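The chain contents come next:
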Amino acid sequence: MRLSGIGSGVAGIFRREVREGLRNRRALFLAFGLPLVLYPGLVFLFTTLERQQFEVMENQPAEVSVIAPANDSLASATIRWLEGDSRVIVRHLTALPEDSLTVAPGTDLMRGEHPDTSRVRRAIRADSVDALILLLPRAQAGPHGGELPLLGVFFEGRSEESFARTRRVTASLDSLRGELFELRARLAGVMNPWRDMILVVHDSSMRIARSGRYLGSILPFLIMFIALTGGSYIALDAVAGERERGTLESLLSQPVHRLAIVAGKALAVFCASGVAVVTAGIGLLLGSAFMPLESMEGVEMAFPETSALVEGMLASIPLVLEIAAALMIVSALARSYKEAQNYMLPLSLLLMVAGVLSTSSRIPFSPGLSLIPLTGQAFAIRELLSGGGDPLLIAASSVSGTVYGLAGLFWASEMLSGEGILIRRQRSRPPKGVSPARRAIVLGLAVLLGLYYLSGLLAGWSPLLGIAVTEWGFLMIMATGFVLVFGLRPSSVGLRPASSISLGVALASAVPLAVLAAAVLLLQSILFPIPASLSELMKPIARATVAETVLILSLTPAVCEELLFRGVIMRQMAREISQPRAVVVSAVLFGAFHLSIYRFLPTLAVGLALGWLSFASGSILPAILLHACYNLAARYLIPESLQPEGLLAPALIASLAVLAALGVTALRRGKRDRGPLVR
Amino acid sequence: MSGPAGSGIEVRSVSRSFWSGREEIRALADVSLTAHKGEVVGLLGPNGAGKTTLLRILATLLRPDSGSARVNGYDVIEDAMEVRRSIGYLSTRTGVYGRLTPLEIMDYFGSLHRMSPSMIAERTEMLFGRFDLWKLASLRCEELSGGNQQRVSLARALLHDPPVLILDEPTTGLDVIAAATTIGFIDISRDLGCCVLFSTHVLSEAEKLCDRIAILHEGEIRADGTLEELRERTGQRFLEDIFLHLAAGSVLQPGASGQGPGCA
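Those protein sequences? They're chains E and Y, same order as listed.
Count along the first sequence from 1, add 160, and you get the number used in my numbering.
Count along the second sequence from 1, add 1, and you get the number used in my numbering.
Just so you know, these hints were derived from the structure itself, not from any lab.
Predicted model, so just to flag it, every value in this text is computed and none were measured.
Note that CB positions come from ideal geometry on N, CA and C, so glycine has one too.
Incorrect hints may have been included.
Partial pick of chain Y residues on the chain E-facing surface, computed with a CB cut under 10 Å [stated by the list, open to error]: (1) Met82; (2) Ile88; (3) Gly96; (4) Tyr98; (5) Arg100; (6) Lys136; (7) Ser139; (8) Arg141; (9) Ile167; (10) Lys209; (11) Arg213; (12) Glu241; (13) Leu245.
Work out the full structure: start from the sequences and follow the hints.
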């Protein structure tokens, strides 16, 4: 098929979709009407309500609790001031001995650090007040010696109300400062203790609770749904609708390439979604002229700048493409228009996950996120709308989003090329029985899922106990269960004597393998820095005693993981697919089993080596030995000595050479006693 | 539009199965059939006989499990695109685009066949005249009756002047006049050198129109020949009796002539 032929086909298909779409009131409404009216209207409603609430609250005094040292003249003077101010009502007054009101050294109250934010939060809730004021007359060392008084205002920005009231507290304290300053000026020469008063205002609410307040972070979410609804009518009609009306068969018998059909239809869907997004953008801009945003100073709700809005719109192109592709796939999957509509709910939920992630300002835009379909693109829009973002990450997410979108469209065209598009009730091919390979993969995935929940439950406990329980209580039961249910003999899961050569190879390759894995981790951390939380997680493991290390960190994983991954999963798969493939797939599952994107590549490399050894020796005993020794080596090998400028290169080269030699030895010697992987 | 030398339609030992769960459904079992240019062949058979499967294979929508089929000299698998150019295909449940007018439907399908606008206008003029569609030409198709929609579909299938017509029950749902128009058009197409293969339930149509009749039952061709040949073979006079004798023979066992089915 010539390219020009595809092109003219695309144009013809596109024209028809658009022409029919333009004549369809519902499609027009979803593409133009809804985004123009509903979404800006929603925002308008939202902001107006918020403003009114805000105005009502403005006139109410703030209720505060005060914690101050007993018998301090400065503190009592301040409390008197607060009691005299109509903006503030002192509900509770807690007088404490001064020495109990110390702040831990090194705490930077100026930055809002407090030793116990949750305690403050509890106190605010217990007293049911808007803010907690902490008076510390001698809290911090001043720049010229002596001690400076400190006023801490702690509040919880959970609601508009607490925001508004706290503003009144700080305004009151601000006037206090101003008045005292005047007083000092009048009594010139008299030392005023409040001269350098430090005023700390800190929101002790969780940031996630505040993030929802930013209109800008809601926009990617809105864009997703505008694109989804805007293109939905044309998309669902494009395949599912055509099938229902009986026009699909006529269309497919025309001399037009399937790819052209999908491309033409997808282009129409893309345009409808894009038009909806642009219309919503215009609507928001028009609406912002009438929105009472200016009067809402202090409320952390800002409207993105026009340039940011335009950039965000441009960045939404890959996102809209992905959504168009998803809609086309849904349309091709469904038997009828109605069924396609039923698929819209799960699709919306999927979008919701990506959208909700991007609305949380607590989650930073990272390289890992930028490559996730839908999510990465939503984050890119969020970053651009808030007027920033790493250009490299935004480019990465745009490119990956485009690739996902095109891949999705290609998949849809594959579905259209298949016969399944016309025959739905029956199948073209005889059904395959449940093969050992499938069983093994399903088992592997079940292990992953179970582990995911189990590790979540055990995370709070001792990590070492968690490892022991996961390995023996979960992996071992899975493996033995599989062996018993399917009546496998010990030899068919690799529990067979191994030659001394292969055991020697296992012993000798442990350290080089640990070097290799450490090198992979180091190289990877240049691209994807390992977050601090992960190394924090590994700390209890690094503190394990020698006995714990040998029993729980070395032998336990070696036995349990080898029996499951190399013994059961790899060998069952090898009955169906080629042996090297079984090694690779089991290594991928093994890498995924470690449930960390950062540990995937190193563990994948180790999994490949273990699979190879198990395959070459015909037994899992050498793999168990290697796994145990490797875990010991990895535990005691100091990664710092392997910095790129240090021993990394020579150690890596030496290790690779040793591993290659050992691999060849294992294979040559193993041939004699190996036989096929599966008996 | 004429392809390499050869018959209009040539089906050689085509078999095709579907699977419903673990159960195999043999839709076509070793079917062979030929339709020459200038010939109208009727495909008769009860529901579920495999007629639609056979026509869909010829329209390149399904693939045969084994055997081969050529349309206008082109192989349905190797040269699917050429086959699609050569056929006018009307499926059982052919629908129309409700929001387009008959004229726009002609434009659309003409552009898919990469016909020039003047060519489309010329063919549309001729076909709309013949099917009496001019008075409906600028109404939206959703406003047309079922019979009129079927006329539009037929005109659409004939737009690019295909040398081979594959029509799956083209007269179903049409009133007597529309059915007669359709039959009349098939008659004319034959005179113009077209090769027509159509399936039908209406035996009188087949009797009147077809040069040859193939009777398909349970995925097998039970008989294939002119009406005269079928009469001789079965000893029955009317097509309805011939049909019952051959197609439903396994159920009814009429056994008038003592000749069993499976003459093909």
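Tested hints:
1. Met82: holds, 5 Å
2. Ile88: Since chain E brings a Cβ to about 7 Å from Ile88 (chain Y), closer than 10 Å, the hint holds.
3. Gly96: Check passed: Cβ of Gly96 (chain Y) comes within 3 Å of chain E, closer than 10 Å.
4. Tyr98: Holds, because the Cβ-Cβ distance from Tyr98 (chain Y) to chain E comes to roughly 6 Å (cut-off 10 Å).
5. Arg100: Holds: closest Cβ of chain E sits about 4 Å from Arg100 (chain Y), inside 10 Å.
6. Lys136: violated, 21 Å
7. Ser139: Violated - the Cβ of Ser139 (chain Y) stays beyond 10 Å from chain E, reaching only about 13 Å at its closest.
8. Arg141: holds, 8 Å
9. Ile167: holds, 8 Å
10. Lys209: With a closest approach of 27 Å, the Lys209 (chain Y) hint is violated.
11. Arg213: Status violated, d = 24 Å.
12. Glu241: violated, 29 Å
13. Leu245: violated, 28 Å
Hint check: violations occur at hints 6, 7, 10, 11, 12 and 13; the rest are consistent with the structure.
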